[in-house]
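Engineer: Residue numbers (our numbering), protein chains in the order written: chain H, 1 to 159; chain F, 160 to 363; chain A, 364 to 656; chain B, 657 to 1037.
Treat each hint with caution, since some may be false.
Claimed, not checked - Below, a list of computed lysine-lysine pairs in the BS3-like style, where the Cα atoms sit at most 27 Å apart: (1) B:Lys963 with H:Lys138; (2) B:Lys881 with H:Lys138; (3) F:Lys308 with F:Lys181; (4) H:Lys19 with B:Lys900; (5) B:Lys839 with H:Lys120; (6) H:Lys81 with B:Lys963; (7) A:Lys416 with F:Lys332.
Derived from the structure by calculation, the hints contain no laboratory data. Just so it is clear, the structure is predicted and the values come from calculations on it, not from any experiment.
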Amino acid sequence: MNITELLKDLNSRGLEAEKICDGEIKVIANKDNFITHLHYLQSINYEHLANINGVDYIDENEFEVVYQIYSYTDKIHIIFKVRIPREKPVIQSIVDLWEQAQFYEREVHEFYGIHFEGNKDLSPLFLEDWMDLPPLRKDFDTERFSEIVMGSMRNGGKK
Amino acid sequence: MQIINYADEERRQEDNRKLWDKVTAYFRSRSLWMLHYCTGCGAMELPPIMTSRWDIERFGIVPMATPRQADILLLTGYASTNTMKRIIRTYEQMPEPKWVIAFGSCTVNGGMYWDSYNTVNNVGEYIPIDITIAGCMPRPEAILDTMVKLMNMVKSGDAKAFQKYKDNYGYYKANQDKLFARTAPVLESASLKYVHNETEGSEQ
Amino acid sequence: MVVINIILYSLFAILVGLIFMGIGRKVSARMHLRYGPPFYQSILDIFKLMSRKSFTHNFVMDLGMVMALAGLLGTMLYVPIAGHSAFISNSNIIVIMYLMAIGSLGMAMAVTASGNPNATIGISRALTMMLGYEIPFFIIVLGLIISNNSSSISVIAASQAGSIWNWNIWHMPLGYIAMEITLQAMMGEKPFDAMIAPAEVASGPMVELSGKYLGLGLLTHAVSIFVETGLMVNFFFGGGSNPIDFVIKQLGIYLIAVIFDNIFPRYKIEQAVKFLWIFPTGIAVVQLLLLAF
Amino acid sequence: MNFDSYTLTKIAKNDKYTTYDLFFGPNHPGMNGNFGYVLDMVGTEINNVRINAGQLHRGFEKLMERRGWVQNLTLVPRICVMDPDPNEVTYCMAVEKIMNVEIPERAKYLRTITLEMSRLTSLLISIGGAGASLGLYTIMHWTMADRDKVLDMFEWLTGGRVYHIYNIPGGVRRDTPKGFLEKLYETMEYLESRLPDYDSLLFENPIIHKRLKGLGPVTKEEARKTGLSGPNLRASGNALDIRKDAPYAAYSELEFDIITQEEGDAFARALQMRLEYEQAIDLIKQAIKKMPEGDVHANLGNLGMLKVNPGEAYAKVESSKGEFGYYIVSKGEKKPYRVSVRGPSLPAGFLWATKHLPKMKIDDVAVWMGTFGICAPDFDK
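Isolated chain H, as found in the complex:
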């Protein structure tokens, strides 16, 4: 399947698909039924899940969970995006589709506080005894944190 056919196919399934450049498309999905779309993509040979990452769109009050999917046969990379509200960051887990997703989801959970329903183990992976906001959220001020806990000083303490 080449890129134009794929775009047509995805648009007919009710997804907003858009070409970024050669071999790379962007897809925006709804949080309620994105799993069926991912399932479909996996069935048409989009078998490589490269990464799951979060983006904090604080101005729009939304989180975005981004799935990086690639097809070894079509040579097309899909940036598959799902938006969820910031107040209630809950999304379904895709552990059943890809096994490695459980670790990527743990990572996103740790750094954004997004809860993945269906992922059995969301315990912290990298940070120990973390009590503050998840650190990659835009409203977490890392410089202030470092100043209080580690005593870091901007410009070596000079104003």
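Take the given structure of chain H and dock chains F, A and B to it, following the hints.
Structural biologist: For chains F, A and B alone, kept in the frame of chain H given last:
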């Protein structure tokens, strides 16, 4: 809390150590064993100094597997909070006399990670350090030079940071607690955190 | 007199063993394309270790380390050095084999007392390895006993005196090959160093040893090198006409072991025991049959 | 009390002394990098594994949001210390994709050369490390000594031994010094002449065969589905390579075949590394021969004030360990809005650890890690 600086005090006095101390200091300086613990990316320049080009075994410096056997603790690069915990535990497991070398700018003042939420800025606040090497990352020549300098310091009896740790334990312990024994969130923004609980999920 | 002899012989064995270790490190370094430490590096290491503070876990640990060193020094006293020995004995091989086990057992007591799982795995591997090399070693020794009609090392060594062609290495070459492989395992050199494997069990038995305990451990290793190479010289290389000749032969044997150590990776413990039970044992049995019939 | 056999087995199972925790890392000679597994052991066999990561977590992704587009170039190579250049190139490629910049031909070739040199240094560590984890320290010393020769060439070209920061958005920082390419060619010939030594010491060693064959097998389908990439993917029989599938830099103009192995076990992975090492030498030689003349940097104005137009892109590069991917979101400011890094080691280091390590003996853990080429900082970030 006042910190006693042994190196300065020692230099002011004459070298009035007993002969036996001088002899042991010589043997210690000629056989420094370093701990095989790569705390950060500075560890990448350790294999070159151990292999043919710089061959540090000429000076009797060899890597050792466990803290019990080692004399030198190398802090090779940035120390994240988790690593700092393990460094302190490792340091306290080492028998005396023991020495610490801190590698790279990131152990001195945070380096390029100065504003990171998970790296310690000045390692010297948590454990005593004998020598620091600046640079990111220090060249093997710098490391070799530092090792020779440490050998000389051990020989002359100047390298006494481990006694500083015992004498000023209160200071170090307070700093360590500030880093590890946190019971409440540091920033006020933590109250914004959304905690997911199962009952809420099942209502939908 | 005997007491002074015992002390002198012990010091000699320790010194020779330590210098051998230093030379071994130098040779390994050259094989690694490095310059290497000075040949007396191990002596500096021992002095440093003895001057350090050390952690003990309990009384058994103290006792075990001393027992290991004492056991091996005791073994050493029975090994004739170019016909000389500390006191009059017939240096029976069976006694030596019996005493050699004390070293390993002492080490086992000391390190298991520390309670570190790495040390426990390491020492259980060392004892398993002992199980592996004792069998071919005993068969080789049996061959020597049969051919000399005596279990005394002095007699075995004396029977090879005179010309280089009297050495047992020419009379029983298969036995020598089997012994060379077994010696590699006895000295804990690769490919049979599964017990100290740093990448697997973080230096095994030595994990919890600090300062003086590690120093005692190194001394034990030095004496064991002396004993094992000494046995080899007495068994197959004519025992030496004078102590210097003896030590040079020992050094040659040790360096062969060091060179093999540097070109082989290590076997897993079960693979090592299997290998020892098949190849050296098989070769030794063939040698035994050749001698018996 | 009545103890039937069922109760007794239950007691034995609940006995806390039947299993014990063994900390394999972070302070362990067999561990490459500051990373660890907590092994739940029964005797010398592993029963279960818990991952003890995060010792190298520096919050890169947060820090990158706080720094300018070009300032970030100092951060990105630190994500993988063994193989730093793919990070720089991937980051630059993602920025160029958003800005829609085409880089000059010569810069493409220079990027190819730095990438392949970086691959050489990384594979030398991996090959040496795989040997050292089996106790063969000689090969470690040899490869490290040879790696220094490549680092010298790096130093001449870029000024840095380990971190180079040679690639910048729009091309590379500067042209090659006089005589560099000739000397590089000589170095490559020297490295090639060392290969028979490595082979006879490591890859033809019967004990290595005995230790590695059949250890930690990965089938063809599993490798594709679990996100493995790079040599690990190809060692399982998948002829997939980003350099062929989505060519970047000058790879479309160089001739090379995708090397694959069939077995998918530890030995195949180690051999794959060695064959890719040989291929990298060949690629550098080709690139030197085909090197065009011209500019090395597209004009992007003052790089310190670089502003990237709004957009997003995912760029990926085949590093020595697998796919490095950077997903960058720009909002048209002086700083990136979000940079997300995909490190190649996570599927092997986390997922395959939970699959392979249970029922494995403690003996094999270090070499298992060595052949997978796990580099802890790229998942810790």
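Engineer: Can you list which hints this structure breaks, lowest number first?
Structural biologist: Numbers 2, 5, in rising order.
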